[in-house]
Amino acid sequence: MEQDTLPAIATPPDTTGPRLAGDLAIWFFILAELLAFGVFFAAYAFTRANNIELFDAEQAALNRHAGALNTVLLLTASYFVVRAVQAAEHSLSQPCARWLLAAIACGAGFLVVKMFEYAAAFEHNISLSSSPFHMFYLSLTFFHFMHVILGMVILVAMWNGARQGRYRPGEMNGIETGAAYWHMVDLVWLILFPLVYVIH
Amino acid sequence: MSSDVHGTPRRATLLWATLIVATLLTWGMGVLGATGKGAIAALAAISFWKGAVIILDFMALRHAPALWRMLTLGWMVLVWAVIAIAYIKGMPQ
Numbered sequence: 001m002e003q004d005t006l007p008a009i010a011t012p013p014d015t016t017g018p019r020l021a022g023d024l025a026i027w028f029f030i031l032a033e034l035l036a037f038g039v040f041f042a043a044y045a046f047t048r049a050n051n052i053e054l055f056d057a058e059q060a061a062l063n064r065h066a067g068a069l070n071t072v073l074l075l076t077a078s079y080f081v082v083r084a085v086q087a088a089e090h091s092l093s094q095p096c097a098r099w100l101l102a103a104i105a106c107g108a109g110f111l112v113v114k115m116f117e118y119a120a121a122f123e124h125n126i127s128l129s130s131s132p133f134h135m136f137y138l139s140l141t142f143f144h145f146m147h148v149i150l151g152m153v154i155l156v157a158m159w160n161g162a163r164q165g166r167y168r169p170g171e172m173n174g175i176e177t178g179a180a181y182w183h184m185v186d187l188v189w190l191i192l193f194p195l196v197y198v199i200h
Numbered sequence: 001m002s003s004d005v006h007g008t009p010r011r012a013t014l015l016w017a018t019l020i021v022a023t024l025l026t027w028g029m030g031v032l033g034a035t036g037k038g039a040i041a042a043l044a045a046i047s048f049w050k051g052a053v054i055i056l057d058f059m060a061l062r063h064a065p066a067l068w069r070m071l072t073l074g075w076m077v078l079v080w081a082v083i084a085i086a087y088i089k090g091m092p093q
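As you go down the protein sequences, you meet chains A and B in turn.
Residue numbers for the first sequence follow this note's numbering, so the first one is 1 and each next one is one higher.
Residue numbers for the second sequence follow this note's numbering, so the first one is 1 and each next one is one higher.
It should be emphasised that the hints constitute simulated quantities derived from the structure, not laboratory data.
C-beta: ideal position from N, C-alpha, C; glycine also.
Heads up, none of these hints are tricks.
Here are the in silico distance ranges between beta carbons for each label pair:
1) PRO65/B - PHE116/A: 40 to 46 Å
2) GLY170/A - LYS89/B: 51 to 57 Å
3) ALA49/A - VAL77/B: 16 to 22 Å
4) ILE85/B - MET135/A: 18 to 24 Å
5) GLY33/B - ALA157/A: 38 to 44 Å
Whenever a hint applies, use it, and build me the whole structure from the sequences.
Written as structure tokens, this is what we have:
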């Protein structure tokens, strides 16, 4: 799958200045999502400021290894999506589909790790009402979990499109739009992980 | 230019490798139980840098109109500023 040299681009690309990759609508959607997560992060941080001992003690009981593993899985999925987009812009449909399949596998890995984490939490009777920290931990991570699921649905649609050879120079909007959403899911996790699992 | 917007495979691979190393650093600080202003500043800086790579390179906003870079990078600055204020507020005087 490693492919560090790509053939020349089939058609001359548009060279007219800056370009936003993907549909404009997805970028407004991404901004709305970032704002929602931002409010959530601020609420977590200020609630913690009034319950520091509780937050630090319960944070210490979280599975930090699972959180780090999930960060690696999301970053790697994002990298695979970048490689898929790069393959598409060189009209390499089958490599594009393979990179997307690899990204889907990483996303699925994230969901599996998270489900093990939730199962362990529920075994210890952790629930939304068990403490302010657990309320934030469960709601923030589950809100993000739902975004990963939507991202997976989008990646599968992109994989299907790639297999049909739908993405090539001049026809990049679909894959770039889906890729932007997936990277947003990754971006949010890059704050969520240190905030909820590490910083105290 | 279309090929420049998404960079080269080599650059993407290099960035991915550094993102993984940065993640291991964050994880290591967590395992060691790093705490206090210095640790929080380091963790925030690592997270900010990782986010900037995602925004500028993976989302390809490096080559987008400046407004989109300002909005997304500005969001990260705002979020970490608010988190920093809350953590400083919670520190013993």
